[in-house]
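Asks: Take a look at the letters that make up each chain.
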Amino acid sequence: MLMAAILLLSALVMYVLGWRKALAASGGRTATLHSKPRYHAWYAALLCAGPALALWLGWQLFGTPVLRWLVGAQLGEAYAQMAPAMQSFFFDDVARLAAGLPSNGEPTELMRLAAALWARFEGLGRIAFMVGAASLAVAGGLLAYGRIAPAFRARNQVETWVTYGLLLTAAVSILTTAGIVFSVLFESLRFFSMVPISEFLFGLSWSPQTALRADQVGSSGAFGAVPLFAGTLLITAIALLVAGPLGLLAAIYLSEYAPPSFRAVAKPMLEVLAGIPTVVYGFFAALTVAPFIRGVGESVGLAVSSESALAAGLVMGIMIIPFVSSLSDDALAAVPQSLRDASYGLGATRAETVRQVIVPAALPGIIAGFLLAISRAIGETMIVVMAAGLAANLTANPLEAVTTVTVQIVTLLVGDQEFDSAKTLAAFALGLLLFVATLMLNVLALHVMRTYREKYD
Amino acid sequence: MTDLAQPLPAAGFQIRPRRLSPEASRARTRSRYAAEQRFKLVGLLAVLTSLGLLALLLSTVVLQGYSAFVQTQIRLPVALNAAELDPDGRRDPAALAKADYAAVLNDALYRLFPEVTERRAKRALRGLLSTGAAIQLRQAVLAEPGLIGTTAELWLLASDDIDQLFKGFVDRSSAQADRRVTDAELGWVATLEQTGRIETTFNKWLFTNGDSREPELAGVWGAIVGSFYMMLVTLCLAVPLGVGAALYLEEFAPKNNRWVDLIEVNINNLAAVPSIVFGLLGLAIYLQLFGLPRSAPLVGGLTLALMTLPIIVVATRAALRAVPPSIRQAALGIGASKIQMVTDHVLPLAMPGILTGTIIGMAHALGETAPLLMIGMVAFIMNVPAGPLDPATVLPVQIYLWADSPERAFTERTAAAIMILLGFLLLMNLFAVILRQRLQTKW
Chain V
14 MLMAAILLLS
24 ALVMYVLGWR
34 KALAASGGRT
44 ATLHSKPRYH
54 AWYAALLCAG
64 PALALWLGWQ
74 LFGTPVLRWL
84 VGAQLGEAYA
94 QMAPAMQSFF
104 FDDVARLAAG
114 LPSNGEPTEL
124 MRLAAALWAR
134 FEGLGRIAFM
144 VGAASLAVAG
154 GLLAYGRIAP
164 AFRARNQVET
174 WVTYGLLLTA
184 AVSILTTAGI
194 VFSVLFESLR
204 FFSMVPISEF
214 LFGLSWSPQT
224 ALRADQVGSS
234 GAFGAVPLFA
244 GTLLITAIAL
254 LVAGPLGLLA
264 AIYLSEYAPP
274 SFRAVAKPML
284 EVLAGIPTVV
294 YGFFAALTVA
304 PFIRGVGESV
314 GLAVSSESAL
324 AAGLVMGIMI
334 IPFVSSLSDD
344 ALAAVPQSLR
354 DASYGLGATR
364 AETVRQVIVP
374 AALPGIIAGF
384 LLAISRAIGE
394 TMIVVMAAGL
404 AANLTANPLE
414 AVTTVTVQIV
424 TLLVGDQEFD
434 SAKTLAAFAL
444 GLLLFVATLM
454 LNVLALHVMR
464 TYREKYD
Chain F
200 MTDLAQPLPA
210 AGFQIRPRRL
220 SPEASRARTR
230 SRYAAEQRFK
240 LVGLLAVLTS
250 LGLLALLLST
260 VVLQGYSAFV
270 QTQIRLPVAL
280 NAAELDPDGR
290 RDPAALAKAD
300 YAAVLNDALY
310 RLFPEVTERR
320 AKRALRGLLS
330 TGAAIQLRQA
340 VLAEPGLIGT
350 TAELWLLASD
360 DIDQLFKGFV
370 DRSSAQADRR
380 VTDAELGWVA
390 TLEQTGRIET
400 TFNKWLFTNG
410 DSREPELAGV
420 WGAIVGSFYM
430 MLVTLCLAVP
440 LGVGAALYLE
450 EFAPKNNRWV
460 DLIEVNINNL
470 AAVPSIVFGL
480 LGLAIYLQLF
490 GLPRSAPLVG
500 GLTLALMTLP
510 IIVVATRAAL
520 RAVPPSIRQA
530 ALGIGASKIQ
540 MVTDHVLPLA
550 MPGILTGTII
560 GMAHALGETA
570 PLLMIGMVAF
580 IMNVPAGPLD
590 PATVLPVQIY
600 LWADSPERAF
610 TERTAAAIMI
620 LLGFLLLMNL
630 FAVILRQRLQ
640 TKW
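In the order they appear, the protein sequences are chains V and F. Mapping of the first sequence onto the numbering used here: residues 14 to 470, in sequence order. Mapping of the second sequence onto the numbering used here: residues 200 to 642, in sequence order.
Hint data in this document are derived by calculation from the structure and do not stem from the laboratory. Note that the structure is a prediction, hence the values are computed from the model and not measured. From the three backbone atoms N, C-alpha and C, an ideal C-beta is built for every residue, glycine too. Careful, some of the hints might be misleading.
[What the hints assert, rightly or not] Between beta-carbon pairs, the in silico distance windows are:
1. Gly138(V) / Val269(F): 52 to 58 Å
2. Tyr357(V) / Arg217(F): 43 to 49 Å
3. Thr399(F) / Val278(V): 34 to 40 Å
4. Gly138(V) / Ile526(F): 46 to 52 Å
5. Arg51(V) / Leu626(F): 34 to 40 Å
6. Arg379(F) / Ala277(V): 33 to 39 Å
7. Ser206(V) / Trp458(F): 31 to 37 Å
8. Thr381(F) / Ala404(V): 44 to 50 Å
9. Met550(F) / Arg51(V): 17 to 23 Å
10. Met550(F) / Thr173(V): 24 to 30 Å
11. Phe75(V) / Arg493(F): 48 to 54 Å
[Stated by the list, open to error] Heads up, simulated PhoX-like pairs for lysine-lysine below, C-alpha to C-alpha not over 25 Å straight-line:
12. Lys280(V) / Lys239(F)
13. Lys537(F) / Lys49(V)
14. Lys366(F) / Lys403(F)
[As the list claims (entries may be wrong)] If you only want the chain F side, here are some residues facing chain V, beta carbon under 8 Å, derived:
15. Glu235
16. Ser249
17. Gly251
18. Ala471
19. Ile475
20. Leu482
21. Phe579
22. Asn628
23. Phe630
Make the full structure from the sequences, and use the hints.
Replies: And the structure:
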């Protein structure tokens, strides 16, 4: 942080110096310069601090992993046999030990050794980084300062830099996607080396609670994810049964019938449903809807689980109403007025026009909206974490407790984890599935929109 | 319906007109109009049902949470014995801070209810007050050492069960085993009520305290500060990156370039990735690869920045597209370079739209919970964080944690925290709407 501040300060100094030199070179008449003084100033500042700041960022991000790799390579077998997640925790302790902070528990011999190595390598790395950054800054600053002259095309130089900078920011999205794929894929591959992929995808039993010791009963754990898929689909189906009709009919009413004043109020109010945080829906589902459904069920003599799929599904349905309604609304609005006029001209009523002309014409958009709503429901986490169960039941009864993919990801990764177990890795495999499933739904929605949309122009 | 006797020839298809009597025709029209009315009614009902569900959701939260904004306090005559609190008599703050205030409070309670003598009953009596009452007393004494040696009348926090009882959430008629307060406690509270020694006041602790295991001491301040640091990190990262990416794609990117298409598809897909997957990314990349600290707002902000990025990019692109080409042509025409055109003309004109999109993206990030569970922000943290690297929790996660607690007092606080969170979101959205209306130019 201090280094970055120093670099920014030197950039400021170079800015002022560059400005002065450009002014001096112009002899007081800035019109003789190719570029305005501020571009010379920017050029000097950028060349001085830009590369050095990039180095600083690299050191901040990759310093720790590189140090870990270096120290780990010196530690030998005892370290190499640790699981990656365990290594991460090991190094948290090592870094604390090396910095002289109180550590969790008594440090082992290996830790002391690692801490000594860590301190040495970190010191070396820091010096190397500082020397590198300082020489880059000085070299860049000198180079830029030397170049400032009336004929120097500073503006073009700066603008090239800025354009590349913008390209870099656009590339961050690709880096993010790569990061997601990298993080879920690698751990998933390790998981599939422990549990065969066929067992994961088609197994009917899910109980990831592996025992702490290998000789305990039930130590193997079962990783058949079919009950999770079934639970996810059950809750999604219930949600869609709520949101589908409500959202579509609301969109039809708002776009075809409602007077403008009503529409102006009701449409933003519906959108509010999409802006409410999901944790609020979770609270509503767990503390209001679930007990209510249980009470109603008991009064008519039905056994209802207190974490029934119905409660989670209903509330999730409320959540996705605005997705269905606003996407359907867009699709309905895109149907040209001429179609409506033609239908009215034939003597059809509004309802007949909606049912037989407008909805069929808008169908691709409506279906795409439903697909996006499904994708949203599958990936939704907080409602099901708070209101659905943990036990993996393979059932189609909405009154029983089911669990979902997202619930299992959260339970497997939150709280005390046994690292290196198939359990934590399973969460990443589920994450990969979730990512692929939502991606496919989105691609499908886009495809439906593009392929089947009627062209009216 | 005309009386067309002959089917149309030669057209390749045949229309067979049905002959309807005038009555049947009228009946059919009536039924068609009735169907029309029904359809319209069903649509209206769908809208009203959806809005009704929204109202139900909000009113449930308000009904469950409004009572958390007040807190029951008990007024006790506390004998602040100098020999007990300050044996040296020097009023040294360090010595005063160490004195046993809980014992002082217990004595005060025993004196108020001298009829309680049995050991277990005494313990129950001590349970009238919160464990935070001793801290309150210590603060009062430290703030005003002159109280020592006197008998001060002090308002002190009641325990959560007494709080719920006094607010009327305990069914007094039910059997003793079915409620969390005993008959003896009911009697003591009734006595306190008659003597005017118990009342509810505004619950300032809800706004100033961090998390706690005791509901009456738990507050949202720690979570609000944590949310603030996290949003700061998100803002500093997502806005430059998002606006930069949008500028590149709208103004600089070559058309029909495969890489540019790839970036566009990527951004659209990122917008649809479930938030929990971003949490997995945070766990695997930020925590395990880069070795950043767990539970820190910094990591939460980094994760949410990636999540809000697509929202900001999409909003910024829309705002840039809304700036008419004539502005760009005019700028270029008077000799501006492309960058000058963007920074001096397009960007300032698109600013209201960019700001609106940013605020909406930030509101989205403020309400997000699931990815933060993955990066360890669910830890129980009492301290208010002092910086973005301290362990912290954020408002939505605090809501999640409290919702899990069985005590009714925590349920009440959960709903209150939801109201606070919704309040923040409402403010942000209102601000966005006002900004849009005030600053947006119509071309």
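Asks: Take the hints in turn and mark each one as holding or not.
Replies: Hint check results:
| no. | hint | in the structure |
| --- | --- | --- |
| 1 | Gly138(V) / Val269(F): 52 to 58 Å | 56 Å, holds |
| 2 | Tyr357(V) / Arg217(F): 43 to 49 Å | 22 Å, violated |
| 3 | Thr399(F) / Val278(V): 34 to 40 Å | 37 Å, holds |
| 4 | Gly138(V) / Ile526(F): 46 to 52 Å | 50 Å, holds |
| 5 | Arg51(V) / Leu626(F): 34 to 40 Å | 38 Å, holds |
| 6 | Arg379(F) / Ala277(V): 33 to 39 Å | 49 Å, violated |
| 7 | Ser206(V) / Trp458(F): 31 to 37 Å | 34 Å, holds |
| 8 | Thr381(F) / Ala404(V): 44 to 50 Å | 36 Å, violated |
| 9 | Met550(F) / Arg51(V): 17 to 23 Å | 21 Å, holds |
| 10 | Met550(F) / Thr173(V): 24 to 30 Å | 25 Å, holds |
| 11 | Phe75(V) / Arg493(F): 48 to 54 Å | 19 Å, violated |
| 12 | Lys280(V) / Lys239(F) | 17 Å, holds |
| 13 | Lys537(F) / Lys49(V) | 16 Å, holds |
| 14 | Lys366(F) / Lys403(F) | 17 Å, holds |
| 15 | Glu235 | 4 Å, holds |
| 16 | Ser249 | 5 Å, holds |
| 17 | Gly251 | 10 Å, violated |
| 18 | Ala471 | 5 Å, holds |
| 19 | Ile475 | 5 Å, holds |
| 20 | Leu482 | 7 Å, holds |
| 21 | Phe579 | 11 Å, violated |
| 22 | Asn628 | 7 Å, holds |
| 23 | Phe630 | 14 Å, violated |
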